[in-house]
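J.: Spelled out, the chains give:
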Amino acid sequence: MTEILALPVFRRALLALVATGIAFPALGTVILSLELIPARFAVMHSALLGAAVGLLAGLDPLPCALAASLLAGAGIARMSERGSASAGGALGLVMTAALGLSFILFYKAKVDSLQAFSLFWGNILALSRAETAAVTAGSVLVVLLSRVFLKEIRAVLYDRELAAVLGIAARPVYYGLILVTCLGIGLAMRLTGALLADAVTLLPALAARSLKKPLGPTLVWGAVFGLASNLGGLLLAFALDLPASPAIILIGTGIVLALRLTRLPGRGRAKA
Amino acid sequence: MPRPGAEAQSEDTPGDRDLVRAEGLDLGYGPVPVLRSVRLRLGTGEVCGIRGPNGAGKSSFLKACLGLLPPTAGTLRVLGGEPGTRGFRAVLGRIGYVPQGKPPGALRVTVREVVGMGLYGRAGVGRPLRPEDREAVEAALEAAGLADLSETPVQELSGGQYQRASLARAMAMDPELYFLDEPTTHLDARGRRDIAALVGRIAARRSVGILLVSHDPDLLALCHRVYEFDTRRVRELCTSSDPGRVARGKPE
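For the protein sequence lines, the chains are F and Y, in the order given.
By our numbering, the letter at position 151 of the first sequence is numbered 151, and the numbering carries on one by one without gaps.
Take any residue in the second sequence, note its place counting from 1, add 1000, and you have its number in our numbering.
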């Protein structure tokens, strides 16, 4: 174990998993509270398309994926203001079109299958120093914003219209929430891949939500479950020689299912 | 928890200062008109009721007063401000709004947090509630009879308890003006009585104005004036300095 820890690539992976494990479940809580489950698919696919454009243009795919995520986020926030962000039609179109275009760009850019594969499934052990710094900075930003603006976030997640009536700057807070969430999804692409971003965002948030706590404790529990699934997944991957992202997904899913099973009615739930 | 100066204001003659004034107000959603030529006034110390069939524009009028629905014509002033304008956010801190319906969204929020939200705007962006704000929250919880339920998620409250929590949020703000949107709808007899009693206690403080949308006779009995909103038009039914007479349909 000491030998593994001595490897810079492993230390970077560990830092990124700890940082995102603590911070990114907060983004999952935003997705769940704003009912953006279909919308986050569109963001994940847009991030993939951004990375594909980057590869075709010979650029670093991560900044391109982040830019595409933010653009998708701005579009979703705008659609949501018109009351259509959870509508499946337009988002389905964006997802399919983004995936189709990505494949065309991979083909035209002659991206080798291993490189394309890493965009889909991520490669935690291939993080560069700059990527690790970006992921860590993103995580710190999420934690800081959640801490400083907790009451504004709570009001907007509870009821955006009411928040505006209460004199809170609901619109900027809402746009901020969506954009930071999309930024997180874009960053998660390097860790778990575009299609498995849920591993570090949604699954720990689902687990935390099943505890039925208010926002503050939900964010704390999300961080606990996020850390557990990220580190547990990494250990599982080493122990069984598995790819890290699917292993993290497995642990995260296991935590969600275990909590659901132990909190079924008649299994010692405190309150009905 | 009366605000500073509230006692001095209570010396005013009821109705002598406009809290809400609408003149020739038209409202609509896009090309669909909802209300035409609304003329309505609410003064200090007054309680005004709005009633009418579904879709008549009652809630839309409240939304317009809160700056959520821009008028298509006419003038609307609320506490001297023009709803929807940049400076109106400061006015919102002087309005206690109780929307209709159940707890929104999927987020679990405790009763204390919901009541505290009324003071978020006043505390400032990124700043926690001040000690005096926390005291106001506790006082409002106590006044609404919710102190024992303060840590309960609002999703676990009955309809009546939830409406009391919404009223407590408004009371914690110690506002000059209350907008109550069907606060007793879907409540049982006891729940309706509890809400009417709370609103009655607020109305007894003659420094505030209350504009309420309701068909509840107990709430309408508190009104100095009742407006009937019908499809695209508004009628003032009756006015009296004696709310009881209005409720009995015998205006001055």
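Just so you know, the hints here were simulated from the structure itself, not pulled from any lab data.
Each hint should be verified, as a subset may be incorrect.
To be verified - Covered stretches of chain Y (in silico footprint by chain F; criterion: 3 or more residues with CB under 8 Å from a CB of chain F, positions within the stretch not fixed):
1) 1082 to 1092
2) 1108 to 1114
3) 1118 to 1125
Beta carbons are placed, not taken as given, at the ideal position from N, Cα and C, and that holds for glycine.
J.: A separate judgement is required for each hint: does it hold in the structure or not?
T.: So, going through the hints one by one against the coordinates:
Coverage of the segment 1082 to 1092 of chain Y by chain F holds. Counting CB-CB distances below 8 Å, 3 residues qualify, and the rule asks for three or more. Interface restraint, the segment 1108 to 1114 of chain Y with chain F: holds (5 residues with C-beta to C-beta distance below 8 Å; minimum three). Look at the segment 1118 to 1125 of chain Y against chain F: 6 of its residues bring a Cβ nearer than 8 Å to a Cβ of that chain, three or more, so the hint holds.
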